[in-house]
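**Student:** These protein sequences, in sequence, are chains W and F. Taking the numbering used here, the leading residue of the first sequence gets 1, the next gets one more, and so forth. Taking the numbering used here, the leading residue of the second sequence gets 1, the next gets one more, and so forth.
Be aware that one or more of the hints could be misleading.
Facing chain F, from chain W, some residues (calculated, C-beta under 7 Å) [claimed, not checked]:
| hint | residue |
| --- | --- |
| 1 | Ser35 |
| 2 | Thr82 |
| 3 | Glu119 |
| 4 | Gly123 |
| 5 | Pro155 |
| 6 | His201 |
| 7 | Gln208 |
| 8 | Pro211 |
| 9 | Asp246 |
| 10 | Arg248 |
| 11 | Val250 |
| 12 | Ala254 |
| 13 | Leu268 |
| 14 | Glu274 |
| 15 | Leu276 |
Per label pair, the in silico range of CB-to-CB distance [stated by the list, open to error]:
| hint | chain 1 | residue 1 | chain 2 | residue 2 | range |
| --- | --- | --- | --- | --- | --- |
| 16 | F | Gly23 | W | Gly298 | 28 to 38 Å |
| 17 | W | Ala254 | F | Arg96 | 50 to 60 Å |
| 18 | W | Pro150 | F | Arg20 | 43 to 53 Å |
| 19 | W | Thr251 | F | Arg17 | 33 to 43 Å |
In short, the hints are calculated from the structure, not lab data. C-beta: ideal position from N, C-alpha, C; glycine also.
Number of protein chains: 2
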Amino acid sequence: MKPLCIAEMGHFFVGGRRARVAGRPVAEIQLVPGSPPYRADMNGEYLVASLYVEHARPEPVTRPCPLLFWHGGGLTGACWDTTPDGREGWKLWFLRRGWHVHVSDAVERGRSGYAPFPEIFPGAPLHRRVNDPWEQFRIGPSHAEGRAHPGHQFPLDHYEDFLRQCVPRFVGTDADMLAAYLALVERVGPCVIIAHSQGGHFACAAAQAAPDLVRALVLLEPSGFGAGAMPDIPVLLLYGDHIARDPRWVTLRAAGGAFAARTPRAALHDLPAEGLAGNGHMLMLERNSDAIAARVQGWLESNL
Amino acid sequence: MKPLCIAEMGHFFVGGRRARVAGRPVAEIQLVPGSPPYRADMNGEYLVASLYVEHARPEPVTRPCPLLFWHGGGLTGACWDTTPDGREGWKLWFLRRGWHVHVSDAVERGRSGYAPFPEIFPGAPLHRRVNDPWEQFRIGPSHAEGRAHPGHQFPLDHYEDFLRQCVPRFVGTDADMLAAYLALVERVGPCVIIAHSQGGHFACAAAQAAPDLVRALVLLEPSGFGAGAMPDIPVLLLYGDHIARDPRWVTLRAAGGAFAARTPRAALHDLPAEGLAGNGHMLMLERNSDAIAARVQGWLESNL
Numbered sequence: 001m002k003p004l005c006i007a008e009m010g011h012f013f014v015g016g017r018r019a020r021v022a023g024r025p026v027a028e029i030q031l032v033p034g035s036p037p038y039r040a041d042m043n044g045e046y047l048v049a050s051l052y053v054e055h056a057r058p059e060p061v062t063r064p065c066p067l068l069f070w071h072g073g074g075l076t077g078a079c080w081d082t083t084p085d086g087r088e089g090w091k092l093w094f095l096r097r098g099w100h101v102h103v104s105d106a107v108e109r110g111r112s113g114y115a116p117f118p119e120i121f122p123g124a125p126l127h128r129r130v131n132d133p134w135e136q137f138r139i140g141p142s143h144a145e146g147r148a149h150p151g152h153q154f155p156l157d158h159y160e161d162f163l164r165q166c167v168p169r170f171v172g173t174d175a176d177m178l179a180a181y182l183a184l185v186e187r188v189g190p191c192v193i194i195a196h197s198q199g200g201h202f203a204c205a206a207a208q209a210a211p212d213l214v215r216a217l218v219l220l221e222p223s224g225f226g227a228g229a230m231p232d233i234p235v236l237l238l239y240g241d242h243i244a245r246d247p248r249w250v251t252l253r254a255a256g257g258a259f260a261a262r263t264p265r266a267a268l269h270d271l272p273a274e275g276l277a278g279n280g281h282m283l284m285l286e287r288n289s290d291a292i293a294a295r296v297q298g299w300l301e302s303n304l
Numbered sequence: 001m002k003p004l005c006i007a008e009m010g011h012f013f014v015g016g017r018r019a020r021v022a023g024r025p026v027a028e029i030q031l032v033p034g035s036p037p038y039r040a041d042m043n044g045e046y047l048v049a050s051l052y053v054e055h056a057r058p059e060p061v062t063r064p065c066p067l068l069f070w071h072g073g074g075l076t077g078a079c080w081d082t083t084p085d086g087r088e089g090w091k092l093w094f095l096r097r098g099w100h101v102h103v104s105d106a107v108e109r110g111r112s113g114y115a116p117f118p119e120i121f122p123g124a125p126l127h128r129r130v131n132d133p134w135e136q137f138r139i140g141p142s143h144a145e146g147r148a149h150p151g152h153q154f155p156l157d158h159y160e161d162f163l164r165q166c167v168p169r170f171v172g173t174d175a176d177m178l179a180a181y182l183a184l185v186e187r188v189g190p191c192v193i194i195a196h197s198q199g200g201h202f203a204c205a206a207a208q209a210a211p212d213l214v215r216a217l218v219l220l221e222p223s224g225f226g227a228g229a230m231p232d233i234p235v236l237l238l239y240g241d242h243i244a245r246d247p248r249w250v251t252l253r254a255a256g257g258a259f260a261a262r263t264p265r266a267a268l269h270d271l272p273a274e275g276l277a278g279n280g281h282m283l284m285l286e287r288n289s290d291a292i293a294a295r296v297q298g299w300l301e302s303n304l
């Protein structure tokens with residue numbers, strides 16, 4: 001492939017709030033064998049719930065605004081970067097086509113970090129077992145038996161490379177997550193957001209809260225739609241294959257249909273009806289990820 | 001600055017092991033407002049303790065082997081990427097000079113993910129309070145009073161941007177961390193490792209365990225030195241300023257001196273004695289980070 005020409009790349013953080021921890025015991029511990037004792041006192045003030053954002057600006061930029069990628073629950077920005085089978089992911093696909101791309105790790109996930117104190121992030125985080133993405137993301141009915149749905153697009157030989165991307169997720173951090181995403185949108189200015197699964201919920205909520213700053217949304221199998229009124233912007237919803245095989249996905253797809261029906265400039269595309277069969281929930285990193293990216297790019301060119 | 005020319009970039013994962021969780025209660029929860037209930041059953045098998053590695057290969061590569069950056073405790077690979085004041089960090093500095101750079105997030109940190117189960121990673125993780133890096137990394141004696149050491153190189157106006165990089169760290173995951181770092185060294189082949197603080201301990205341990213695969217080490221204020229016999233490779237140790245002000249750092253610096261004395265091809269440089277004054281523990285991202293990088297590059301050219 002042709003070398004990438006990048007004017008600038010790196011990361012920044014946005015958002016965050018102060019929080020306090022008190023009443024914890026203090027211990028003297030050794031952090032590294034042979035090193036002097038370390039006084040581990042966790043009581044005090046923390047800066048929590050910031051958002052890690054990495055970006056890359058190509059040379060030249062040929063698109064009208066920054067492009068933001070917001071991942072789904074239990075994952076990090078790594079899902080946009082490289083596919084499990086080692087091909088360039090959507091971050092690089094769109095970068096090569098002149099977009100200034102931004103990939104974030106949601107609050108309390110990945111490089112955004114979490115606060116390991118129930119006073120700050122209540123409850124125990126969820127985490128994905130070896131079989132969960134296979135069976136929940138419509139790869140197939142049984143991981144243990146290695147059974148995949150017919151014609152599946154997931155790179156099955158690299159399933160464990162995908163599994164390694166999964167990180168714990170708290171439940172009940174929505175307010176922090178949305179606050180940080182809004183801080184991001186305010187920092188980059190008018191932008192397009194491509195959001196997956198749980199990220200789709202926050203992308204809708206961000207567009208509802210900052211209607212002048214979100215120019216278009218691409219929602220990949222979103223699991224929610226915010227709680228406000230959508231601004232008058234173009235919205236593309238994409239859904240993969242094998243939805244009828246899983247009652248939970250039937251419900252989620254129906255919610256997407258209802259959202260599209262009440263949103264004037266929304267377009268809902270079922271990929272199988274568009275000639276792209278076999279995708280599960282992780283459609284941006286399955287074997288036909290480039291073909292799906294090209295559909296998204298075409299829609300953006302027509303609608304932005 | 002000149003655009004970067006990059007032949008290839010992305011991420012991969014190495015390492016990891018299977019682990020089981022049993023006996024946990026099962027709950028029906030709602031992950032996103034309005035979405036169907038989710039059966040949260042955490043009992044089963046997990047793939048844990050993998051290592052996230054991002055890399056960028058410049059066009060052309062002009063250096064003899066890959067360059068690996070291993071961060072310190074309570075941080076992620078973000079510390080090599082961009083300085084808190086928004087300049088290019090060492091990852092990009094060395095990339096621009098023809099190195100194929102690799103930046104990892106240590107096991108259980110950042111994008112490597114953790115397992116939120118004490119059966120797998122015992123104990124509660126440590127986390128850094130607002131004042132901790134200021135006072136523990138030799139920025140100054142009091143964060144609350146805003147007092148920094150005279151002539152300090154830390155970009156104080158961006159202290160909170162650095163603080164946002166801090167993530168929780170477990171204690172007692174050394175075996176997992178080293179196993180994953182060894183898997184990385186085996187994957188990339190003969191390499192140079194630049195390691196900071198806790199990362200220095202693992203870099204020494206990796207060189208001791210895989211003497212044919214580590215060609216040189218650059219240790220930035222290492223907090224440990226492995227437990228085996230060092231191979232016959234060049235090793236550079238760098239220490240910053242203001243060490244005499246903190247008894248813990250006096251001890252750590254003395255351990256570095258003893259390691260250098262017993263390691264035939266080790267060179268220990270105190271930056272103040274080299275004309276670079278004012279650095280704290282985070283010397284790779286302080287205001288004179290480019291000047292320190294240039295010293296490292298010069299040493300590598302002379303010793304590799």
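**Student:** Please verify that hint: glutamine 208(W), Cβ, nearest Cβ of chain F, below 7 Å or not.
**Tutor:** 13 Å, violated
**Student:** Holds or violated: is there a CB of chain F closer than 7 Å to the CB of proline 155(W)?
**Tutor:** 14 Å, violated
**Student:** Under 7 Å, Cβ to Cβ, is where serine 35(W) needs to be relative to chain F, so tell me if that hint holds or is violated.
**Tutor:** At 5 Å from the nearest chain F Cβ, serine 35(W) passes the 7 Å test, so the hint holds.
**Student:** Can you let me know if the beta-carbon spacing of proline 150(W) and arginine 20(F) is within 43 to 53 Å?
**Tutor:** 31 Å, violated
**Student:** Go through the hint on leucine 268(W) and say holds or violated, using the shortest Cβ distance to chain F against 7 Å.
**Tutor:** Violated - the Cβ of leucine 268(W) stays beyond 7 Å from chain F, reaching only about 17 Å at its closest.
**Student:** Holds or violated: is the Cβ of glutamate 119(W) closer than 7 Å to a Cβ in chain F?
**Tutor:** Interface hint status for glutamate 119(W): violated (12 Å vs cutoff 7 Å).
**Student:** If you take the shortest Cβ to Cβ gap from glycine 123(W) to chain F, is it below 7 Å?
**Tutor:** Constraint on glycine 123(W) not satisfied, violated at 9 Å.
**Student:** Would you say the C-beta atoms of glycine 23(F) and glycine 298(W) sit inside 28 to 38 Å of each other?
**Tutor:** 51 Å, violated
**Student:** Tell me if the beta carbons of alanine 254(W) and arginine 96(F) are separated by a distance inside 50 to 60 Å.
**Tutor:** 51 Å, holds
**Student:** When the nearest CB of chain F is found for alanine 254(W), is that gap smaller than 7 Å?
**Tutor:** Hint on alanine 254(W): violated, closest Cβ of chain F at ~10 Å, above 7 Å.
**Student:** Tell me if the interface restraint on glutamate 274(W) is satisfied: Cβ within less than 7 Å of some Cβ in chain F.
**Tutor:** 25 Å, violated
**Student:** Restraint: arginine 248(W) near chain F, CB-CB cut 7 Å. Satisfied or not?
**Tutor:** Holds - the Cβ of arginine 248(W) comes within 7 Å of chain F, reaching about 5 Å at its closest.
Violated hints, listed in ascending order, are 3, 4, 5, 7, 8, 9, 11, 12, 13, 14, 15, 16 and 18; each of the other numbered hints is respected by the structure.
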